[in-house]
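Top to bottom, those sequences are chains A and B. Each residue of the first sequence is one higher than the one before, starting from 74 at the first, in the numbering used here. Each residue of the second sequence is one higher than the one before, starting from 7 at the first, in the numbering used here.
Treat the hints as calculated values from the structure; they're not laboratory data. Treat the hints loosely; a few may be bogus.
[Claimed, not checked] Among chain A residues calculated to face chain B with C-beta under 10 Å, some are:
1. Ile91
2. Ile93
3. Met102
4. Tyr105
5. Tyr109
6. Ala114
7. Pro117
8. Phe119
9. Ser122
10. Ile126
11. Ala164
12. Thr166
13. Gly176
14. Gly178
For glycine and all other residues, C-beta sits at the position ideal for the given N, C-alpha and C.
So the chains spell out like this:
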Amino acid sequence: DQQVKQNSPSLSVQEGRISILNCDYTNSMFDYFLWYKKYPAEGPTFLISISSIKDKNEDGRFTVFLNKSAKHLSLHIVPSQPGDSAVYFCAATKTSYDKVIFGPGTSLSVIP
Amino acid sequence: SAVISQKPSRDICQRGTSLTIQCQVDSQVTMMFWYRQQPGQSLTLIATANQGSEATYESGFVIDKFPISRPNLTFSTLTVSNMSPEDSSIYLCSVLAGTYEQYFGPGTRLTVT
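With the sequences and hints as input, model every part of the structure.
As structure tokens, this is what we get:
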């Protein structure tokens with residue numbers, strides 16, 4: 074049972090344009106969501122997070138949107154840069170729960 | 007933030023042997039986690055390792071196959087025992103920093119032949 078889903082295994086975007094990575098979850102108890110970025114031969118790096126009490130969180134070029142009713146979140150990268158090319162993992166957890174559930178990842182390629 | 011190192015970075019092992027992976031953190035942390043990422047798959051939590059107590063294993067993972075040590079607040083080891091080709095994966099350790107954010111080590115790429 075996959076509780077966190079990323080239905081697009083890959084995404085290709087032109088440099089300077091917007092990248093939108095999508096994530097869906099099934100467990101309504103999740104109340105904290107995270108995005109990680111992973112380069113080859115490296116461990117995942119924390120990127121941005123959002124609590125369920127918010128519907129948007131922004132950090133520089135990265136913005137995460139949360140739609141609780143749809144159990145959907147998205148990561149927007151504007152403008153996209155070649156250095157953003159990596160695998161992006163969506164993850165979810167619930168308050169007072171130390172286990173984080175990761176999605177399968179989306180491989181983003183930003184074309185110069 | 008925390009800086010995490012893992013040894014070895016990669017290894018090729020024969021079926022039936024065991025490999026111990028080391029994870030070192032540059033600061034004291036209470037909770038450490040061990041994950042597995044099989045080819046083309048997401049990160050799967052193997053176990054949570056707290057200093058001074060037995061590791062807590064997730065469904066599908068057992069101590070006999072993946073024994074874990076946590077002798078102090080900066081170090082942990084994961085052993086992959088009696089390996090088979092299905093154990094070929096990237097093994098990652100991580101620590102909790104902040105509320106739910108985790109910092110990951112660079113991973114150990116294991117190939118079992």
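Going down the list of hints, with the structure as the test:
no., hint, in the structure
1, Ile91, "violated (25 Å)"
2, Ile93, "violated (20 Å)"
3, Met102, "violated (14 Å)"
4, Tyr105, "holds (5 Å)"
5, Tyr109, "holds (8 Å)"
6, Ala114, "holds (7 Å)"
7, Pro117, "holds (5 Å)"
8, Phe119, "holds (5 Å)"
9, Ser122, "holds (6 Å)"
10, Ile126, "violated (13 Å)"
11, Ala164, "holds (8 Å)"
12, Thr166, "holds (5 Å)"
13, Gly176, "holds (6 Å)"
14, Gly178, "holds (6 Å)"
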